[in-house]
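Novice: Just need the whole structure built from these sequences, with the hints factored in.
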Amino acid sequence: MTATLASGTIIFIVGNSRSGTTMMRRVLGKHPEIYMLEELHFFEQLWSSSDKDKQLTVPEAAALASRLFFIQRDGYLTEMNEQKHFEEAMNMVSSMEKALYPHEVLRTFLHYETARGGRSIPCEKTPQDVFYIKEILELFPEAKIINMVRDPRGVMLSQKRKWQRRNMGAGFMTRKEQRRLRINYHPITISKLWNASQRAAQPFLEHERVRTVIFENLVN
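My numbering puts the first residue of the sequence shown at 15, with every later residue one more than the last.
A hint or two may mislead.
[What the hints assert, rightly or not] Pairwise CB distance ranges, derived in the manner of DEER restraints:
{"hint": "1", "residue 1": "ASP65", "residue 2": "GLU222", "range": "26 to 32 Å"}
{"hint": "2", "residue 1": "VAL233", "residue 2": "SER108", "range": "41 to 47 Å"}
{"hint": "3", "residue 1": "SER172", "residue 2": "SER109", "range": "40 to 46 Å"}
Honestly, the hints are just simulated from the structure, not real lab data.
Ideal placement from N, C-alpha and C gives every residue a C-beta, glycine not left out.
Specialist: Below you can see the structure in the form of structure tokens.
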């Protein structure tokens with residue numbers, strides 16, 4: 015796949031939660047030119063379709079970039095501190111030549127962090143972006159999307175095991191996160207989310223810039 019990627023390509027890994035997106039992240043991360051970013055949750059939490067064509071002021075763009083820096087370097091679950099990376103964010107935004115649309119801030123940030131990591135192809139994995147495939151394709155004509163799909167029975171079993179990890183010694187998982195995962199583990203809820211993710215991806219299964227990968231085929 016990477017042999018045919020043009021300069022400037024950005025890879026997005028999407029799919030229903032527990033469908034192999036993390037495994038795909040690890041596989042692609044072994045490529046010497048691909049830089050794996052953390053889950054940024056940009057479209058889900060930092061972007062609105064109503065603001066798609068709204069140009070940001072420099073301070074607004076810097077604030078957005080600062081959030082991206084914090085999520086990337088300090089963790090999505092860490093309490094946000096917008097001031098921690100604000101100076102670096104302001105410097106990055108000030109160097110941008112394109113209009114300060116939110117997606118342009120994201121594009122610049124992805125390439126900024128990738129260059130900082132000594133690589134050339136950004137790859138970002140946020141499973142929930144399966145619901146924003148249309149927007150990604152429109153805003154990022156250079157994007158390639160990998161859509162992970164897994165048998166829903168495997169998804170449910172994986173989700174159950176995830177919230178049990180803390181009891182098995184996974185100290186990195188907070189009790190709050192464990193409770194959230196346990197609440198989310200409900201066969202009906204998981205089935206509805208799985209169906210919703212499949213419906214969201216369906217219109218793009220044949221799109222030339224979207225590749226669907228079956229988890230079971232990847233591991234077998």
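Novice: Each hint needs a verdict: does it hold in this structure or not?
Specialist: Comparing the hints with the structure gives:
1. ASP65 <-> GLU222: 26 to 32 Å: 28 Å, holds
2. VAL233 <-> SER108: 41 to 47 Å: 45 Å, holds
3. SER172 <-> SER109: 40 to 46 Å: Cβ of SER172 to Cβ of SER109: about 42 Å, so the range 40 to 46 Å holds.
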